[in-house]
Amino acid sequence: MCGAITGGPSLEGVDVTNQAVIQGVVLREGQPVGNAYVRLLDRNGEFTAEVPTSATGQFRFFAAPGDWTLRTLAPRAEVVDSRVVAAKGAVAEVAVSI
Amino acid sequence: MSRDTTLVSADWVEEHLDDPNVVLIEVDEDVEAYDKGHIPGAIKLDWKKDLQDGVRHDFISKDRLEKLLSEKGVSNDHTIVLYGGNNNWFAAYAYWYLKYYGHQNLRLLDGGRKKWELDSRELTDEVPERPAATYRAQEPNEDIRAYRDEVVEAIGVKNLIDVRSPDEYAGRLLAPAHLPQEAAQIGGHIPTAGNVPWSKAANDDGTFKSDAELEQLYTEAGLDRDKDTIAYCRIGERSSHTWFVLSELLGYRNVKNYDGSWSEYGSLRGVPVAVGDEPGEA
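Just so you know, the sequences run in chain order A and B.
No gaps in the numbering here: position 2 of the first sequence is -2 in the working numbering, and each next residue is one more.
No gaps in the numbering here: position 163 of the second sequence is 186 in the working numbering, and each next residue is one more.
One chain only, chain A, in its complex shape (with noise of 0.2 Å):
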């Protein structure tokens, strides 16, 4: 890893017109990190969705508009809980430190 990666996986080939994408990255000391496990809250810190980290520690959600919160648990780490806007037709792209 050169640490070049600053946000979410690749978009191209998916058409976000009508998603509400929330994607990232979860990084430790500016590396990132590949065994973390993502975890997308809505408006009422309910459960909606839980993905593992890729091996470059990158993440997606296909998310509706509104109001999100990205509750990152990873070995040997504090949870941690970032706060994140979606809306259609954009992608909101969050970087998570651990």
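Quick caveat, the hints were computed from the structure, so don't treat them as lab data.
Certain hints may be false.
Stated by the list, open to error - Taking CB as the label site, the calculated pair distances span: (1) B/247 <-> A/91: 45 to 53 Å; (2) B/55 <-> A/40: 27 to 35 Å; (3) B/299 <-> A/14: 17 to 25 Å; (4) B/247 <-> A/84: 37 to 45 Å; (5) A/27 <-> B/93: 41 to 49 Å; (6) B/304 <-> A/7: 37 to 45 Å.
Model, not experiment: these values are computed from the prediction.
For each residue, glycine too, the CB sits at the ideal point set by N, CA and C.
The hints should help you fit chain B onto chain A, whose structure is shown.
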């Protein structure tokens, strides 16, 4: 049913890694998860390729299950311990499915793959070789499976529990937010069904909450222990998780999993549908 006979901890699994009577099976929806690393000695079942019929919109038949497990080296005497990603959704589905075909000694690994990973326990990419065995399945146990007609008749009569996220329940989403937006033709839920998302039964690390917490959760949600219960979600995997909690951990009577779930119900003609956050009228 109780935790002692249905659930094992990660510590227990570590202590039984070399136990010849125990077969660890990882069941995933993400087909690459096992290949990236799995618990030493575990074999893999692909929820879709191995367990779904492929032609009919249904899981594999008794004959195909017997062939599958025989080839994988699993026999009737083995204690099968299931675990997987997605907070054990698909492992719980496999547990329910194997119980449907009468396997006796079944366990779920509490917390599944996530708990194992978060604990930094050992994972390997070595695929075990198991000699073929002879597996004989029992006749299906229809006491734990609900079909669509029974679900329609249960409206306003039985406990109907929708375990999807609130946005799916209300009809604002058709599928979990990390999966493609496909499946049912319309959004919403079965009228009179309460919404108790499966996730309320689990801690962040994927382990189940305590019996006392679980009992309180479903009591407060209005689940009547004196009534029969049908759980459903989108494709029957998350409702297997809740079926496991109600039937195997809490010992509710007559709990069925409606594995057709919303992907079937939300595409039916001639049935009532409710939208929004309220259960709706019968």
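These are the hints, each one checked on the structure:
1. B/247 <-> A/91: 45 to 53 Å: holds, 47 Å
2. B/55 <-> A/40: 27 to 35 Å: holds, 32 Å
3. B/299 <-> A/14: 17 to 25 Å: holds, 22 Å
4. B/247 <-> A/84: 37 to 45 Å: Holds, at about 40 Å.
5. A/27 <-> B/93: 41 to 49 Å: Given a distance of about 45 Å, which is inside 41 to 49 Å, the answer is holds.
6. B/304 <-> A/7: 37 to 45 Å: holds, 43 Å
When each numbered hint is compared with the structure, no violation occurs for any of them.
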